Amino acid sequence: MDRQLFVFPLIFLITCSGSFSKPTENTSAAQKKYDKYLVDSSTLELVDQQLRAANPALNDYRSSVLFYLYTKSTLNSPQLLQINNSTQLKSSNYVSSKKTIVVTHGYMDSVHSDITQKIKNALLEFNDVNVIGIDWSYYTKNIIYSWVAGETSGVGNYVGRFVTFLIEQGLSTENVHLIGHSLGAHVSGFAGKTLKANGYTAARVTGLDPALPGFNGNDDSSRLASTDGNFVDCIHTCGGLLGFDVPICQADFFPNGGINVQPGCTWLDFGACSHGRSFEYFAESIDSTHHFYSEMCNAVVDGVPYGCSNDGAEMGYFANPEILGEFYLTTASSSPFSLNITTSAD
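Positions -21 to -1, 1 to 325 (mature numbering (1 follows the signal peptide of the UniProt record, and there is no 0)) are the ones given, in order, by the sequence shown.
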């Protein structure tokens, strides 16, 4: 777990005040508690104008949002790609016929953080794919969380434009998988929206504990939503605190109830450990011998599942796009987290 993740809730509590959005009638007590620390839209707009005036690079996503290509042959030496630069793309190790997985980090992280590196390493250990790590740390390292949250739309739009460029260079939409953690989940959602606006639809969008602060009460157009790809799945691990505790995707997985505290974590880090469990579970699931079998449930309330049945659903990389709904499962308290490890892929 990156130490930076522990800074998230502390900065969040110290620097923000006011209300970003009004809670809905079904908002949990935990959601209401943490919404009060968010600034309102007028304050956010003022901060945005001040920061952009002091930092010209913020007005040019080309210099502040970077695309790093990882392949089996460039595992530890990624190649930098640029939007609309076909010459550079052709001279890189990128192969348009391969599956392309775009991974976006969250608050206080970068492309070098565990979220990107663990998923990238697992993907390239077991698959021959293009992995593109998005680095928007120029924004996410800012201590004003609410302002960073407000940038997810613009950054997501830029990521969507980049993927559109790849599609125009021969990438099939069936090979597009967008993955994002925390605020990065919403960036991925906005990227999916941009693709659809351009006439394309990502095959899959995966949200790893999509961030709740700043997005509670928002409609589907203002956050990651179930319509952002052909298959949209989410893993919720710090619901009601740092992440959503209600379903917002087509397939929503609630390991250990989907709330803080996840097994092996404590209350002392304000949910940072539980928040990070989402990408740890997903990274482990890329190994086809580590299964995260789940039960479909009619509802999961305060970590307790109701009306569950085993329909063969599996959380993580091998989630079935034809099995939709709310799912519940349990995990181990430390790695390996899977409770169903086989000797060979089933």
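Because the hints were derived from the structure by calculation, they are not lab data. It is possible that some hints are incorrect.
What the hints assert, rightly or not - Listed next, with one range per pair, are the computed distances between beta-carbon atoms:
1) 104 <-> 319: 42 to 48 Å
2) 320 <-> 153: 28 to 34 Å
3) 289 <-> 175: 47 to 53 Å
4) 64 <-> 278: 44 to 50 Å
5) 176 <-> 300: 20 to 26 Å
6) 272 <-> 107: 22 to 28 Å
What the hints assert, rightly or not - Below, a list of computed lysine-lysine pairs in the DSSO-like style, where the Cα atoms sit at most 30 Å apart:
7) 97 <-> 51
8) 97 <-> 78
9) 175 <-> 78
10) 69 <-> 175
11) 97 <-> 77
12) 97 <-> 69
13) 69 <-> 51
14) 97 <-> 120
15) 77 <-> 175
16) 97 <-> 175
17) 78 <-> 51
18) 51 <-> 77
On a predicted model such as this, the values are computed, not experimentally measured, just so you know. Yeah, the Cβ is synthetic: ideal placement off N, Cα and C, and Gly gets one too.
Hints, verified against the model:
The hint said 42 to 48 Å for the Cβ distance between residue 104 and residue 319, and at roughly 20 Å that hint is violated. A hinted range of 28 to 34 Å for the beta carbons of residue 320 and residue 153 is consistent with their spacing of about 30 Å. Distance hint check: the CB atoms of residue 289 and residue 175 are about 34 Å apart, inconsistent with the given range 47 to 53 Å. Range check, residue 64 to residue 278: Cβ separation about 48 Å, and the 44 to 50 Å hint holds.
Checking the proposed 20 to 26 Å range against residue 176 and residue 300 shows it holds: the Cβ atoms sit about 22 Å from each other. Taking 22 to 28 Å as the suggested C-beta distance range, the pair residue 272 and residue 107 conforms, at roughly 27 Å. For the given pair, residue 97 sits about 14 Å from residue 51 by alpha-carbon distance, which is consistent with the 30 Å threshold. A C-alpha spacing of about 18 Å is found between residue 97 and residue 78, which places the hinted pair at or below 30 Å, so the restraint holds.
Distance check on the hinted pair: residue 175 and residue 78 sit about 19 Å apart at the alpha-carbon level, within 30 Å; holds. Distance check on the hinted pair: residue 69 and residue 175 sit about 25 Å apart at the alpha-carbon level, within 30 Å; holds. The suggested pairing of residue 97 with residue 77 holds, with an alpha-carbon distance near 20 Å, which does not exceed 30 Å. About 27 Å separates the Cα atoms of residue 97 and residue 69, which keeps this hinted pair within 30 Å; it holds.
Between the alpha carbons of residue 69 and residue 51 the distance comes to roughly 17 Å, so the proposed pair stays at or under 30 Å and holds. Distance hint between residue 97 and residue 120 is fulfilled; the C-alpha atoms sit about 20 Å from each other, no more than 30 Å. For the proposed pair residue 77 and residue 175, the alpha carbon gap of about 21 Å is at most 30 Å, so the pair holds. As the CA atoms of residue 97 and residue 175 are separated by approximately 29 Å, the hinted pair is consistent with the 30 Å bound.
A threshold of 30 Å between alpha carbons decides the hint, and for residue 78 with residue 51 the separation of about 13 Å falls inside it, so the pair holds. Annotation: proposed proximity of residue 51 to residue 77 holds, straight-line Cα distance about 12 Å (limit 30 Å).
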